[in-house]
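Each chain is listed here by its residues.
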Amino acid sequence: MKAYKYIGQSVVKVDGKEKVSGAALYTDDLEFGPDLLYAEVVEGPHAHAIINSIDTSEALKVPEVLAVVTGKDFPFNFGLYMKDRFIFAQDRVRFYGEQIAAVVARTPQAAKKGAQLVKVNYTPLPKILNPLDSIKEGAELLHPELKNYEHVPWFFPKADTNIAHHRKIRKGDADKGFEEADYVLEDTYEVPRYSHCAIEFHAAVAKYDHSGRLTVWASSQSPHTQRNLFAQALAPLGIRHNDVRVIAPHVGGGFGSKAGVTMEIIAAAIAMKVQGHPVKVMWNREREFYNTYQRLGVVAKLKIGVKKDGKITALKHDLFWDAGAYVEYAANVVNAVGLSAIGPYNVENASIDSYCIYTNLPPGGPYRGFGYSEFLFGLESHMNRIAAHLGIDPIEIRRRNIIKEGDLTAYGAHMNPNGLLQAIDKVAEEIKWNEKLKSNDPDIALGKGFSLFWKAPAMPPNASSSCFLKFNEDASINLLVSGMDLGQGFLTVMAQIAAEILSVPTSKIRTENPDTDRNPYEWQTVASHITWGCGNAVRKAAIDARDQIFSLVSRTKYLPVDTLYLEDEKVKCTTHPKFALALKDFIINGIQMEDGTFKGGPVIGRGVFMPEYSSTNANPETSQGGHPNVHYTVGAAAAILEIDIQTGKMKVQKVVEAVDAGKALNPSLVKGQIVGGILQGISTVLYEEMKFDHRGKLLNPNFTDYKIPTALDIPGEIVPIIVEVPQPDGPFGARGVGEHTMIPIAPMIANAIDDALGVRIKTMPITAEKVCLEILKKGK
Amino acid sequence: MKKISFKLNGETRFLHVEPNETLLDVLRDRMGVKSPKCGCDNGDCGACTVMLDGKTVRSCLIFAIEVDGHEISTLENISKNGLSPLQKAFLEKNVFQCGYCAPGMILSATELITNNPHPSEHEIKEALAGNLCRCTGYTPVIEAILELTKKD
Numbered sequence: 158m159k160a161y162k163y164i165g166q167s168v169v170k171v172d173g174k175e176k177v178s179g180a181a182l183y184t185d186d187l188e189f190g191p192d193l194l195y196a197e198v199v200e201g202p203h204a205h206a207i208i209n210s211i212d213t214s215e216a217l218k219v220p221e222v223l224a225v226v227t228g229k230d231f232p233f234n235f236g237l238y239m240k241d242r243f244i245f246a247q248d249r250v251r252f253y254g255e256q257i258a259a260v261v262a263r264t265p266q267a268a269k270k271g272a273q274l275v276k277v278n279y280t281p282l283p284k285i286l287n288p289l290d291s292i293k294e295g296a297e298l299l300h301p302e303l304k305n306y307e308h309v310p311w312f313f314p315k316a317d318t319n320i321a322h323h324r325k326i327r328k329g330d331a332d333k334g335f336e337e338a339d340y341v342l343e344d345t346y347e348v349p350r351y352s353h354c355a356i357e358f359h360a361a362v363a364k365y366d367h368s369g370r371l372t373v374w375a376s377s378q379s380p381h382t383q384r385n386l387f388a389q390a391l392a393p394l395g396i397r398h399n400d401v402r403v404i405a406p407h408v409g410g411g412f413g414s415k416a417g418v419t420m421e422i423i424a425a426a427i428a429m430k431v432q433g434h435p436v437k438v439m440w441n442r443e444r445e446f447y448n449t450y451q452r453l454g455v456v457a458k459l460k461i462g463v464k465k466d467g468k469i470t471a472l473k474h475d476l477f478w479d480a481g482a483y484v485e486y487a488a489n490v491v492n493a494v495g496l497s498a499i500g501p502y503n504v505e506n507a508s509i510d511s512y513c514i515y516t517n518l519p520p521g522g523p524y525r526g527f528g529y530s531e532f533l534f535g536l537e538s539h540m541n542r543i544a545a546h547l548g549i550d551p552i553e554i555r556r557r558n559i560i561k562e563g564d565l566t567a568y569g570a571h572m573n574p575n576g577l578l579q580a581i582d583k584v585a586e587e588i589k590w591n592e593k594l595k596s597n598d599p600d601i602a603l604g605k606g607f608s609l610f611w612k613a614p615a616m617p618p619n620a621s622s623s624c625f626l627k628f629n630e631d632a633s634i635n636l637l638v639s640g641m642d643l644g645q646g647f648l649t650v651m652a653q654i655a656a657e658i659l660s661v662p663t664s665k666i667r668t669e670n671p672d673t674d675r676n677p678y679e680w681q682t683v684a685s686h687i688t689w690g691c692g693n694a695v696r697k698a699a700i701d702a703r704d705q706i707f708s709l710v711s712r713t714k715y716l717p718v719d720t721l722y723l724e725d726e727k728v729k730c731t732t733h734p735k736f737a738l739a740l741k742d743f744i745i746n747g748i749q750m751e752d753g754t755f756k757g758g759p760v761i762g763r764g765v766f767m768p769e770y771s772s773t774n775a776n777p778e779t780s781q782g783g784h785p786n787v788h789y790t791v792g793a794a795a796a797i798l799e800i801d802i803q804t805g806k807m808k809v810q811k812v813v814e815a816v817d818a819g820k821a822l823n824p825s826l827v828k829g830q831i832v833g834g835i836l837q838g839i840s841t842v843l844y845e846e847m848k849f850d851h852r853g854k855l856l857n858p859n860f861t862d863y864k865i866p867t868a869l870d871i872p873g874e875i876v877p878i879i880v881e882v883p884q885p886d887g888p889f890g891a892r893g894v895g896e897h898t899m900i901p902i903a904p905m906i907a908n909a910i911d912d913a914l915g916v917r918i919k920t921m922p923i924t925a926e927k928v929c930l931e932i933l934k935k936g937k
Numbered sequence: 108m109k110k111i112s113f114k115l116n117g118e119t120r121f122l123h124v125e126p127n128e129t130l131l132d133v134l135r136d137r138m139g140v141k142s143p144k145c146g147c148d149n150g151d152c153g154a155c156t157v158m159l160d161g162k163t164v165r166s167c168l169i170f171a172i173e174v175d176g177h178e179i180s181t182l183e184n185i186s187k188n189g190l191s192p193l194q195k196a197f198l199e200k201n202v203f204q205c206g207y208c209a210p211g212m213i214l215s216a217t218e219l220i221t222n223n224p225h226p227s228e229h230e231i232k233e234a235l236a237g238n239l240c241r242c243t244g245y246t247p248v249i250e251a252i253l254e255l256t257k258k259d
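Residue numbers (the working numbering), protein chains in the order written: chain A, 158 to 937; chain B, 108 to 259.
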């Protein structure tokens with residue numbers, strides 16, 4: 158294998174010093190001067206109601222209040238994949254806490270006071286808080302206009318129902334597969350909603366200046382997509398794409414919550430009504446919980462048939478998603494799961510129905526894992542139960558069924574090269590799978606759990622990335638990209654890719670979060686596609702710059718291009734060992750010829766990447782025929798869990814997780830994703846739970862009542878393992894790993910509980926209380 | 108409004124504050140000190156951690172009026188003389204991800220190793236338990252502190 162100088166090295170993060178010194182500025186840290194206005198949002202206290210009237214007269218009398226805006230000011234719908242959403246509620250509210258209006262004032266206090274004085278008259282409507290109720294015959298229609306909403310061509314809304322999208326897979330003949338089975342297991346698994354809990358709140362500041370320029374500073378995963386959606390939604394007010402500029406400072410955690418557009422559009426819209434002033438909209442911790450995207454809940458009905466040897470003959474997976482009040486983004490979670498809920502298995506006969514269902518709960522949306530955590534909970538639980546029934550080892554049954562390179566996915570495309578088998582072997586070895594656990598304490602039960610995972614980026618087939626690479630006089634580089642560094646280290650690996658190709662050290666490459674006016678297009682930083690997608694754009698830009706360098710040196714020094722190479726910031730030549738031309742001596746000012754003229758000029762590289770083989774054109778009844786997913790990243794995880802059988806309290810002693818990164822461009826950053834993802838996964842299965850009351854109001858929107866782990870709650874030991882089976886179209890073979898690391902954790906824990914106690918828990922979260930009740934039930 | 112004075116990162120500062128202004132808001136909005144962050148406004152997350160007379164406190168739970176005559180120090184104070192060995196250890200090991208919890212986490216860890224130069228793993232976990240982080244899983248932070256403070 159070729160030896161790399163920067164690729165595969167645990168290079169220090171390019172934004173590391175900013176972050177450990179306290180210098181890193183996040184959106185709310187920016188200063189906007191004494192003319193800054195503050196907006197306070199008015200929320201609806203009903204999960205479903207008609208808005209009869211809004212009286213803003215008292216609010217406008219509050220000193221220092223400049224304006225009050227309502228839905229009437231912005232009757233424009235928006236949405237990423239389906240335009241079912243409005244900036245402020247129009248004729249009705251559809252979830253408890255939905256924004257109705259906003260009061261804009263000189264101080265936050267005046268804005269709050271004004272917000273309390275906005276009077277809204279409602280007529281409550283029947284509300285639906287459960288997806289199964291929502292699809293019952295005669296259920297109240299939450300979006301009577303559904304059939305008129307614009308949406309991407311791969312969605313199939315059902316008019317005059319609450320089903321916003323139905324992704325259907327039909328592969329082979331499932332009925333026949335079940336007939337051939339020696340054993341069929343059918344059961345239902347339930348996963349509730351979760352909150353991202355990024356520590357930084359959503360924040361957005363917008364200014365519509367007197368020249369007609371709309372600038373938005375936002376804590377964002379999607380600067381260009383936000384620009385696109387702002388321009389689309391505000392087009393009736395005369396806004397065009399090049400009028401909108403989105404500037405993205407550091408982001409204090411995203412996990413999906415800051416993808417697409419949520420509250421940022423409120424700032425953008427309000428700014429249009431107070432031209433000339435910057436306006437700040439800040440969420441607080443409570444709103445982070447109830448008025449940003451939430452992870453969708455799901456009721457998953459799963460049926461798998463197997464032969465005696467464990468080979469799967471058929472799979473049927475019906476998933477009923479609680480997608481919430483607006484599904485402009487959530488419907489694509491449902492779609493992604495429909496395509497992949499077969500799991501990392503080679504199944505000839507499969508039937509999958511994934512339903513995106515409106516409810517009167519907050520909008521569902523992207524969350525690290527994009528639906529895969531949810532369906533894997535059932536699927537990987539099911540695999541263990543089938544193995545137990547057949548008397549086959551849980552890892553062995555998986556080995557017999559895993560998908561291999563070239564096998565057909567659920568939608569009929571070929572599986573990419575992958576290291577799933579290696580991941581299984583490495584995890585099994587590290588967790589000592591074949592050694593039986595023995596507890597010396599009669600009050601402590603021990604169990605081992607195992608789970609596989611796979612995930613594909615869920616993105617439109619034409620999602621693209623681009624890069625400008627600019628040299629400076631000293632041969633340092635400004636690398637302009639528009640992915641977001643959410644902490645995963647994206648900017649650092651982009652610098653490593655350019656460094657490797659151009660022989661310029663990463664310490665001389667400056668790459669920062671984007672400004673859509675300066676940096677070229679990127680779709681969004683989601684889907685764990687950015688290392689792969691934007692990495693390809695950077696690779697191409699670096700190669701473009703290198704080609705320019707070689708061409709210039711060739712025509713001025715009369716050396717053949719194919720003899721030139723870059724090393725230590727110099728151009729060298731394979732046939733003239735003494736030749737070395739430092740980049741800094743010509744990279745901006747060119748090369749001087751004997752006659753005194755200069756050739757060349759500033760070297761600027763350009764790179765664009767789009768996966769041109771991807772397509773969503775398929776038969777809607779079967780999903781066969783397209784190539785909707787570019788590739789899958791796979792892996793395996795296992796844990797040792799101890800359970801106090803008196804209290805049900807659980808402690809994870811050890812977790813091992815192997816992920817096939819294709820090529821770990823920066824191993825310390827890949828390991829950071831594994832370790833962080835494991836704890837986020839453990840948190841969703843052991844600690845977190847959103848509790849809504851009968852009104853659809855979230856009861857625990859704070860860190861006192863909605864628990865996420867502290868340093869005292871971490872596993873005793875974590876062993877991150879990197880597998881590297883190159884992705885053929887990845888930069889240096891890399892593919893994404895960011896989301897994947899958390900998705901096997903819930904079934905892994907459920908399987909460990911079953912191993913320890915012989916009880917199977919089919920609903921998340923798996924709290925100590927639930928385990929304890931199961932122990933008591935079993936004792937009777 | 109009451110006039111108060113306190114030492115902020117080594118410099119005596121004077122200002123008028125309302126009795127209900129939190130130290131966090133005053134530091135961020137009126138003194139331009141941005142490393143303390145707001146992550147909950149409720150004392151749960153520790154992102155707003157600062158040092159009050161050398162001890163870590165949650166600046167969202169303290170009124171500015173209370174620090175009259177006292178000494179406040181933030182991460183800016185540590186960073187102004189170059190990175191501390193602890194900051195360097197965190198930097199070199201790529202410990203932090205989004206970095207939003209880092210100022211608070213670094214102050215809690217600094218307080219720990221100032222008072223206890225060779226803490227046990229459990230002592231480190233206890234010292235960090237008031238600083239929530241959603242990205243790192245804490246393990247890299249703990250490992251970096253352990254390695255920095257281990258006895259030779």
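It should be emphasised that the hints constitute simulated quantities derived from the structure, not laboratory data. Don't take each hint at face value.
[What the hints assert, rightly or not] Derived DEER-like restraints, expressed as beta-carbon distance ranges:
1) M108/B <-> K229/A: 37 to 43 Å
2) K195/B <-> E769/A: 41 to 47 Å
3) E178/B <-> E926/A: 43 to 49 Å
4) E199/B <-> P283/A: 54 to 60 Å
5) D259/B <-> K927/A: 45 to 51 Å
6) G433/A <-> N188/B: 39 to 45 Å
7) P662/A <-> N188/B: 49 to 55 Å
[As the list claims (entries may be wrong)] Under the rule of at most 27 Å between Cα atoms (straight-line distance), these lysine-lysine pairs were calculated in the DSSO-like manner:
8) K458/A <-> K430/A
9) K665/A <-> K735/A
10) K232/B <-> K270/A
11) K109/B <-> K162/A
12) K627/A <-> K806/A
13) K864/A <-> K162/B
14) K864/A <-> K232/B
15) K583/A <-> K593/A
16) K174/A <-> K109/B
17) K808/A <-> K232/B
18) K200/B <-> K162/A
19) K458/A <-> K561/A
20) K561/A <-> K465/A
21) K257/B <-> K174/A
22) K806/A <-> K232/B
23) K665/A <-> K257/B
For glycine and all other residues, C-beta sits at the position ideal for the given N, C-alpha and C.
Results for each hint:
Separation of M108/B from K229/A is about 40 Å and conforms to the stated range, judged on CB atoms against 37 to 43 Å. A hinted range of 41 to 47 Å for the beta carbons of K195/B and E769/A is consistent with their spacing of about 45 Å. At about 46 Å, the beta-carbon gap between E178/B and E926/A stays in the expected band of 43 to 49 Å. The hinted window of 54 to 60 Å between E199/B and P283/A holds, with their beta carbons roughly 59 Å apart.
Between D259/B and K927/A the beta carbon distance is about 47 Å. The supplied range of 45 to 51 Å therefore holds. The hinted range of 39 to 45 Å is satisfied by G433/A and N188/B, whose Cβ atoms lie roughly 42 Å apart. Between P662/A and N188/B the Cβ separation comes to about 26 Å, which falls outside the hinted range of 49 to 55 Å. Annotation: proposed proximity of K458/A to K430/A is violated, straight-line Cα distance about 49 Å (limit 27 Å).
The straight-line distance between the Cα atoms of K665/A and K735/A is roughly 25 Å, inside the 27 Å bound, and the hint therefore holds. Note on K232/B and K270/A: the hinted pairing is violated, with a Cα-Cα distance of about 42 Å set against a maximum of 27 Å. Distance check on the hinted pair: K109/B and K162/A sit about 60 Å apart at the alpha-carbon level, beyond 27 Å; violated. Between the alpha carbons of K627/A and K806/A the distance comes to roughly 56 Å, so the proposed pair goes past 27 Å and is violated.
Simply put, K864/A and K162/B have alpha-carbon atoms about 26 Å apart, close enough for the 27 Å limit, and the pair holds. Distance restraint check for K864/A and K232/B: the Cα-Cα separation of roughly 17 Å lies within the 27 Å cut-off, and the hinted pair is therefore satisfied. This hinted pair checks out: K583/A and K593/A have alpha carbons roughly 18 Å apart, not beyond 27 Å. Of the supplied pair hints, the one linking K174/A and K109/B is violated, its CA atoms being roughly 38 Å apart against a limit of 27 Å.
Between the alpha carbons of K808/A and K232/B the distance comes to roughly 15 Å, so the proposed pair stays at or under 27 Å and holds. For the proposed pair K200/B and K162/A, the alpha carbon gap of about 19 Å is at most 27 Å, so the pair holds. A distance of roughly 26 Å separates the Cα atoms of K458/A and K561/A; the hinted pair therefore holds under the 27 Å criterion. Distance hint between K561/A and K465/A is fulfilled; the C-alpha atoms sit about 22 Å from each other, no more than 27 Å.
Simply put, K257/B and K174/A have alpha-carbon atoms about 24 Å apart, close enough for the 27 Å limit, and the pair holds. Using a Cα cut-off of 27 Å, the hinted pair K806/A and K232/B holds, with the two alpha carbons roughly 19 Å apart. Of the pairs offered as hints, the one joining K665/A and K257/B is violated, with about 33 Å between alpha carbons and a cut-off of 27 Å exceeded.
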